[in-house]
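J.: Now for the letters of each chain:
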Amino acid sequence: MRSFTLLLETLEYASAARDSVNALKRYMNQVDDEDRIHAIALLTGRKPRRIIPAARILSWSMDLIDIPDWLFEECSQVTGELPEVLSLLIPRRESMPERRLSEWMNMIYALDRQSEEEQYAWFMRHIPEADPAGRLFMLRLISGRASLKVSLPVVVTALSELSGLDEKILAKRLSQEWTPYTLTYAELVRPEERSDRVSLPYPFHPVIVDTHAFQSTNEERWLLEWKWDGLRAQIVYREGQVHIWSETGVLLSNKFPELTSMASAWPEGTVLDGEILAYSEGIPLSLTVLQARIKKKYVTAKIQAETPVVFNAFDLPEHKGQPLHAHTLEERRTLLETLVRETAQPALLLSTLVPFTSAKDLDKMLALSRMERARGVLMKKAGSGYADPEAHWIFRKAGTLSVHAVLLYAQKGTDELFSHYTLGVWNGKQLVTVAKAEAELGTEELLEIDDFIRRNTLEKFGPVRTVRPELVFEISVESIHESRRHKSGIVLHTVRIIAWKKDKKAREADTLVSLKRNIM
Amino acid sequence: MLEFTDKGIYCSRGNFYIDPWRKVDYAVITHAHSDHAYPGSRSYLSHEQSAEVLRLRLGKHIQLQTLAYDQPLFIGGVKISLHPAGHIIGSAQVRVEYKEEVWVVSGDYKTEEDGISTAFEAVPCHAFITESTFGLPIYDWQPQHIIFQQMNDWWKANKEDGKATFIGGYSLGKAQHILHNIDHRIGPVYVHQSIADTNRALAADGAVLPAYRTLTPETSRRELQDAFVLCPPALFNSSWIKNIEAYETGYCSGWMSLRNFRKRMNVNRGFVLSDHADWKGLNAAVRATGAERVFVTHGYAETLARSLREDGLDAEVVQTLYGGAGDDDHPALPGDTGEEQL
Ligand SMILES: [Zn+2]
Ligand SMILES: [Zn+2]
Chain V
1 MRSFTLLLET
11 LEYASAARDS
21 VNALKRYMNQ
31 VDDEDRIHAI
41 ALLTGRKPRR
51 IIPAARILSW
61 SMDLIDIPDW
71 LFEECSQVTG
81 ELPEVLSLLI
91 PRRESMPERR
101 LSEWMNMIYA
111 LDRQSEEEQY
121 AWFMRHIPEA
131 DPAGRLFMLR
141 LISGRASLKV
151 SLPVVVTALS
161 ELSGLDEKIL
171 AKRLSQEWTP
181 YTLTYAELVR
191 PEERSDRVSL
201 PYPFHPVIVD
211 THAFQSTNEE
221 RWLLEWKWDG
231 LRAQIVYREG
241 QVHIWSETGV
251 LLSNKFPELT
261 SMASAWPEGT
271 VLDGEILAYS
281 EGIPLSLTVL
291 QARIKKKYVT
301 AKIQAETPVV
311 FNAFDLPEHK
321 GQPLHAHTLE
331 ERRTLLETLV
341 RETAQPALLL
351 STLVPFTSAK
361 DLDKMLALSR
371 MERARGVLMK
381 KAGSGYADPE
391 AHWIFRKAGT
401 LSVHAVLLYA
411 QKGTDELFSH
421 YTLGVWNGKQ
431 LVTVAKAEAE
441 LGTEELLEID
451 DFIRRNTLEK
461 FGPVRTVRPE
471 LVFEISVESI
481 HESRRHKSGI
491 VLHTVRIIAW
501 KKDKKAREAD
511 TLVSLKRNIM
Chain G
1 MLEFTDKGIY
11 CSRGNFYIDP
21 WRKVDYAVIT
31 HAHSDHAYPG
41 SRSYLSHEQS
51 AEVLRLRLGK
61 HIQLQTLAYD
71 QPLFIGGVKI
81 SLHPAGHIIG
91 SAQVRVEYKE
101 EVWVVSGDYK
111 TEEDGISTAF
121 EAVPCHAFIT
131 ESTFGLPIYD
141 WQPQHIIFQQ
151 MNDWWKANKE
161 DGKATFIGGY
171 SLGKAQHILH
181 NIDHRIGPVY
191 VHQSIADTNR
201 ALAADGAVLP
211 AYRTLTPETS
221 RRELQDAFVL
231 CPPALFNSSW
241 IKNIEAYETG
251 YCSGWMSLRN
261 FRKRMNVNRG
271 FVLSDHADWK
281 GLNAAVRATG
291 AERVFVTHGY
301 AETLARSLRE
311 DGLDAEVVQT
321 LYGGAGDDDH
331 PALPGDTGEE
341 QL
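Chains as they are written, first to last, in the numbering used here: chain V, 1 to 520; chain G, 1 to 342.
Honestly, the hints are just simulated from the structure, not real lab data.
As the structure is a prediction and not an experimental result, all values here were calculated from the model.
Hints should not be assumed to be uniformly reliable.
To be verified - Here are the computed lysine-lysine pairs in the DSSO-like style, where the Cα-Cα straight-line distance is at most 27 Å:
1. V:K47 x G:K263
2. V:K381 x V:K149
3. V:K429 x V:K381
4. V:K397 x G:K263
Unchecked claim - Pulled a few chain V residues facing chain G out of the computed Cβ check, cut under 7 Å:
5. L64
6. E74
7. C75
8. L417
9. H420
The beta-carbon is built from N, C-alpha and C at its ideal position, and this holds for glycine as well.
Please take these sequences and the hints and turn them into a complete structure.
T.: Listed below in structure tokens is the structure:
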């Protein structure tokens, strides 16, 4: 189990998906098939339901922890959640046997069928056997608090690299109903079958972000299209089955039952490329709204009504069982328009395509982006085939927002200068943190600010200094989104600290209200 | 015999201070961390293995007298001696004796042997002034060989993935502790310039450190690919490190046992490795002195004092300015007692 808790820690703090994949592969190579399938189950969100209520876990743990109540109270104040303080306080039993993950999981699944007395006996005997990380994992698991899920593409890529199977096939198999007791690892990675292929999407037509001024060439005809704040997906309808795939290879069919049933009415052998959008009364909502819906475990009728979705179709890689790679965008477009018109489904929209005549068309669309709630504009070559890597779509982002914010906390860079700033804006009479970034300023200015910070430090927390809130900075922000995880209620994407506004006073900085007006 | 004044712990009979945080005439220093060794005093007394490091930090020309462990010195009839504290190389507890009454100031200490600093020794006394940085029962260290096994495995895995391994640690103490215990057979070990400077000072006083290479601005990022690099944690925020193609970061501290602190450090791996005693260590050390009176400072002082009182000892809290920036087990956590913050 130590190797599994180490894997969890590595996954939690990995900075890149590649690191997570490597860590998972390393783990899989260390353990047997039984541990493997248990690990995959846990990492894809398949875990036992809550078995023992938190109150009972607390009172049982106190039978193991021999300290006065006041001292327990002080410990709880320093740690986070209950399982953490318990995992640190339950005394370690020396010469603990190292059990495999599957042994622990078998015991935990068995608990569900046991009487309270049996559960108590198990708890007293086995919880002290594990090390603190192992105890934390189990206490969270049995109290129903564990959230171990990693992103599915990480699991899929690791399994694909280990087994040699196509990622999409693994994604499809993983998305079906299974438990570690109904599916073995060998079955999960069994060789490809014909039925696996039926579900697969096409490689997505590539998109690149371009920030340079557009150089128009006369040979190519371009088409312009809004890029909404949605989730790009292919809907695949073949042999009576619908599969909805995200660009990252996640199978989303069961997250969107309304789109699944919609696609069942299409002609046999249809694959559409487009964006899933949260959509209300004719207005596209932000991706964060859609993601919140995707995160829900069960898609109830209530959720479908609260967050309605549409599919904004912009391409047709397969029509009536015929792959359309070789057809031009314009040809595919004509077929797509007919399909959308003939099916006449309210949740199936057709993207708006604008012919490009001069650079002005592009500028006009970019300028309108914010108002239209679009993230920018996609440029597509009219004569290109689908997924032609030479003819990538070009994504031009809408202009950035400029925000004035006050320096609240600072941290040193290597040159020993304070150059990492946390900035805030006004919420009534208080400053709330909204952004953190490294300042992109000249050395002269940095030195001056550094000096100010040293003379105006209010508090030190390790390497972080709380600074008297006086300095105002201009930051550029790509977009602003709602966020429940942040105290401010918003999150800023792609923040850059670009200028020190010496002439501005702290009270002239922006307010949370003004930032919220720009939420996508 | 000792008083707690606004300049530090004071012995009026001998007219000296122990770890004062103001300029004084005569300062006895437990160890060279900046929260214990304050600059500007007229003369200093320290353990002989702290001498060069103190000069490095407080200035070349300080007036400094040194003692070996257990070597007595009499000032105004008061007998002073230094005893191993096991915290860092050259760290000492200060024993003060006058007319058969013995007081001991612990400074910072740890009870587990780290292999590089002289192992902690309990010094029998009537009054014991103890630190309490990790004075809560949630701080329960695993033996260091387990932690170093984890660190070696981590380095090996990074090496397999073609990544450099960076570990953050304070230049005096944690750096040598790790340098001594990491498995040098895995690959080359580098230290940051600031650590190399400290190492040189320690070596001048007789510390024996394994061979290492020094990180310089000229060090090519390529040669770090399979290396283990000891550096100050500030390097993790630098643009220099961000130019390295592939690397992992780690941090060693007792605080790493807490998830909220672990998250805040923003590193790939946290190792629960401290140069301070854990709860069991603190309690064992206090009892081993046989002291009738215990003064608790520097950390979770209230908590440890109350717990000792409930066990029948005469324990009270004293305010000092130790803690704060100075060694990397010190940064204060939310929920800490106020005295850790400056
Ligand atoms: Zn120290
Ligand atoms: Zn200290």
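J.: Against each hint, give a clear statement of whether it holds in the structure.
T.: Tested hints:
Pair hint K47 of chain V plus K263 of chain G holds up; C-alpha atoms about 24 Å apart against a cutoff of 27 Å. With a CA separation close to 40 Å, the supplied pair K381 of chain V and K149 of chain V exceeds the 27 Å bound. Taking the CA atoms of K429 of chain V and K381 of chain V, the gap is about 52 Å. The hint is violated against a cut of 27 Å. About 33 Å separates the Cα atoms of K397 of chain V and K263 of chain G, which puts this hinted pair outside 27 Å; it is violated.
Below 7 Å, beta-carbon pairs count as interface contacts, and L64 of chain V has none with chain G, the closest being about 12 Å; its hint is therefore violated. Here the hint on E74 of chain V is kept, as its CB sits about 6 Å from the closest CB of chain G, short of 7 Å. The beta carbon of C75 of chain V is positioned within 7 Å of a beta carbon in chain G (closest approach about 5 Å), and the interface hint is therefore held. For L417 of chain V, the shortest C-beta to C-beta distance to chain G is roughly 10 Å, which exceeds 7 Å, and the interface hint is violated.
Proximity of H420 of chain V to chain G holds as hinted, the smallest CB-CB distance being about 6 Å (cut-off 7 Å).
Hint check: violations occur at hints 2, 3, 4, 5, 8; the rest are consistent with the structure.
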